[in-house]
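Student: As given, the protein sequences belong to chains H and L, one line each in that order. Just so we're aligned: 2 in this note's numbering is position 2 of the first sequence, and the numbers increase by one with no gaps anywhere. Just so we're aligned: 217 in this note's numbering is position 217 of the second sequence, and the numbers increase by one with no gaps anywhere.
Since the hints were made in silico from the structure, they are not lab data. Among the hints, a few may not be true.
Unchecked claim - With a cut-off of at most 25 Å between alpha-carbon atoms, the simulated DSS-like pairs for lysine-lysine come out as follows:
#1 H:Lys47 x L:Lys276
#2 H:Lys121 x H:Lys145
#3 H:Lys47 x H:Lys102
#4 L:Lys83 x L:Lys159
#5 H:Lys33 x H:Lys145
#6 H:Lys2 x H:Lys33
#7 H:Lys145 x H:Lys171
#8 L:Lys291 x L:Lys235
#9 L:Lys276 x L:Lys235
#10 H:Lys238 x H:Lys47
#11 H:Lys102 x H:Lys2
#12 H:Lys238 x L:Lys38
#13 L:Lys83 x H:Lys238
#14 H:Lys238 x L:Lys90
#15 H:Lys190 x H:Lys171
#16 H:Lys70 x H:Lys2
#17 H:Lys70 x H:Lys47
#18 H:Lys70 x H:Lys238
#19 L:Lys83 x H:Lys227
#20 L:Lys90 x H:Lys2
#21 H:Lys2 x L:Lys38
#22 H:Lys197 x H:Lys102
#23 L:Lys159 x L:Lys38
#24 H:Lys2 x L:Lys276
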Amino acid sequence: MKYDVRQLELLSNEQIADGIFDMRLRCNEPDLKIECGQFAHVYVPGKSLRRPISVCDASDGVLRLVYQVKGEGTRAMSQMKAGQDVDVLYPLGHGFNVESGKRYCLIGGGIGVPPMLYTAKQCQNPLVITGFRNRDFVILQDDFKSAGAEVMLCTDDGTAGKKGFVTDLLKEQIASVDEVCACGPIPMLKAIAQVCKEADKPCQISLEERMGCGVGACLVCAVKVRKNGEEIMQHVCKNGPVFNAEEVVF
Amino acid sequence: MADISVNVAGVSFNNPLIAASGTFGFGREYNEFYPLEKLGGISCKGITPTRRDGNPPPRIAETPSGILNAVGLQNPGVDAFIKEDLPWLKQQNTVIIANIAGNTPEEYCLMAEKLSGTDVDMIEMNISCPNVKNGGVQFGTSCESVEAITSAVRKHCTKPLVVKLSPNVTDIASIAKAAEAAGADAVSMINTLTGMRIDINSRRPIIHNNTGGLSGAAVFPVAVRMVWQVANAIKIPIIGMGGITTWEDAVEMLIAGATALQIGTVLFSDPYAPIKINEGINNFLDKNGIKSVTELSGTVIPW
């Protein structure tokens with residue numbers, strides 16, 4: 001059996017920025033065999049759908065999920081208390097493919113930043129570029145530094161780090177890396193894919209879509225991709241969330 | 001341990017719980033949670049004569065106690081289903097129901113004929129999909145069209161034929177009677193109720209198809225009412241569905257008049273729901289000294 005639902009003890013669930021929460025769940029070490037970029041599907045009592053949250057970290061017996069309160073379900077998650085059990089279906093999806101010997105540039109935009117932390121831990125000496133709307137949303141900077149990453153910060157309004165977009169920094173740095181992995185809003189991913197294409201560097205992107213089952217059965221979280229010259233519908237939960245940027249039809 | 005096996009139109013099911021079409025793909029994903037033989041049967045994802053890519057996303061929205069979906073029948077086509085999925089499904093030791101959806105009566109007949117030559121155990125004719133532009137629900141909303149398409153497909157279908165009914169009609173009992181008169185072996189009901197959600201900031205419908213089909217606990221009372229009305233109107237068996245979430249819901253739907261049950265939306269929050277519901281039914285039967293689940297069907301005592 002590949003999938004299992006586990007009841008995990010909630011260790012802490014703290015607000016770390018405006019509307020952003022850091023949930024830590026106790027896990028048995030053998031249950032932490034997670035690929036970077038995979039996600040966890042969190043049951044919220046009383047809701048018909050689970051909430052898909054990318055894995056921010058999975059080490060030392062702790063599964064860490066950093067999420068943004070967007071609606072009723074994530075608000076209910078933010079009110080969960082230490083000591084209670086949380087029903088989590090994980091790990092799901094196809095994550096980032098990280099090879100040794102390559103230098104990666106990992107890019108996160110906004111709530112797309114958390115999965116890049118666990119990804120950074122799988123890479124040697126990665127360059128991490130993080131972008132946020134303004135200083136109130138900045139997260140995980142110290143975590144990236146502790147993970148041994150070179151981390152760069154920019155905000156749209158310049159209230160923290162450099163003023164500008166992640167793509168401005170990427171253009172300056174791309175010559176020094178072999179491959180790019182990114183997660184964030186679609187316009188950002190599209191722009192990153194374009195920069196990579198022009199520089200002839202491979203690029204993997206993590207996508208998001210309204211999701212149902214989380215395992216590829218209900219077919220709701222569709223994404224159009226081009227395979228062998230033909231456009232087909234694949235699904236974020238099973239084929240992704242990480243896709244080869246060249247194949248995604250934006 | 002009571003006997004929880006049921007029989008619908010000559011097909012035996014080990015238990016009354018069938019995975020509902022569209023929530024379960026072709027079974028491979030949920031087989032990674034538990035062996036599919038734990039289910040009475042699987043109603044496979046709706047298939048069409050040729051591959052369909054479905055609607056653009058978003059295809060789902062959460063609603064109070066339910067969901068709206070508009071997948072738009074994404075599927076690999078009947079031939080790919082027969083070649084690539086059916087042989088595997090037939091090894092899973094559970095009843096396999098093919099669900100067919102066409103744009104025209106000819107398409108339904110063509111698929112019924114192709115599938116009649118295979119090992120599928122039953123064919124469920126979906127004339128109630130609310131999420132495609134042509135066909136689907138247009139065949140399911142008047143007695144004349146239901147009778148016409150059912151009798152046409154009947155001529156090409158040598159398997160037990162189940163007609164899946166839409167709740168988006170004024171008098172579901174008369175629709176069910178039309179299906180029975182035209183040769184259906186059973187009916188399954190209810191498909192989803194048409195609904196809509198709008199994002200108040202963007203003023204865009206949340207689902208790209210604008211409207212979608214409502215399922216989940218929210219529709220359960222509607223489904224119970226309709227199953228009861230239809231049970232009073234026809235003699236062929238009813239496969240009841242619509243928002244079954246707990247074992248109590250399952251028992252209630254059987255008492256309303258269903259012979260077997262389909263469950264779908266609850267799988268998204270609890271993939272193990274069918275196993276829990278079967279246990280609950282079993283305990284209920286034992287506690288009440290009932291030997292067979294079949295003794296529950298249609299035993300409501302109306303006021």
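Student: Now look at each hint and say whether the structure bears it out.
Tutor: Comparing the hints with the structure gives:
1. H:Lys47 x L:Lys276: Roughly 18 Å separates the two Cα atoms, so the pair holds.
2. H:Lys121 x H:Lys145: 11 Å, holds
3. H:Lys47 x H:Lys102: Violated, because 42 Å separates the two Cα atoms, which is more than 25 Å.
4. L:Lys83 x L:Lys159: 18 Å, holds
5. H:Lys33 x H:Lys145: Distance ~23 Å between Lys33 (chain H) and Lys145 (chain H) Cα, so the pair holds.
6. H:Lys2 x H:Lys33: This hinted pair holds, its Cα atoms lying about 12 Å apart.
7. H:Lys145 x H:Lys171: Within the cut-off at roughly 22 Å; holds.
8. L:Lys291 x L:Lys235: Roughly 23 Å separates the two Cα atoms, so the pair holds.
9. L:Lys276 x L:Lys235: Status violated; Cα separation ~30 Å.
10. H:Lys238 x H:Lys47: 22 Å, holds
11. H:Lys102 x H:Lys2: Not satisfied, since the Cα-Cα distance of roughly 30 Å exceeds 25 Å.
12. H:Lys238 x L:Lys38: 24 Å, holds
13. L:Lys83 x H:Lys238: 22 Å, holds
14. H:Lys238 x L:Lys90: With Cα atoms ~24 Å apart, Lys238 (chain H) and Lys90 (chain L) stay inside 25 Å; holds.
15. H:Lys190 x H:Lys171: Roughly 14 Å separates the two Cα atoms, so the pair holds.
16. H:Lys70 x H:Lys2: 30 Å, violated
17. H:Lys70 x H:Lys47: 15 Å, holds
18. H:Lys70 x H:Lys238: Answer holds: Lys70 (chain H) to Lys238 (chain H) is near 23 Å, not above 25 Å.
19. L:Lys83 x H:Lys227: OK: Lys83 (chain L) and Lys227 (chain H) at ~22 Å, within 25 Å.
20. L:Lys90 x H:Lys2: 21 Å, holds
21. H:Lys2 x L:Lys38: Given pair Lys2 (chain H), Lys38 (chain L) holds - Cα atoms ~17 Å apart, limit 25 Å.
22. H:Lys197 x H:Lys102: Satisfied, since the Cα-Cα distance of roughly 18 Å is no more than 25 Å.
23. L:Lys159 x L:Lys38: It holds: about 23 Å lies between the C-alpha atoms, which stays within 25 Å.
24. H:Lys2 x L:Lys276: 20 Å, holds
Hint violations for this structure: numbers 3, 9, 11, 16, all remaining hints satisfied.
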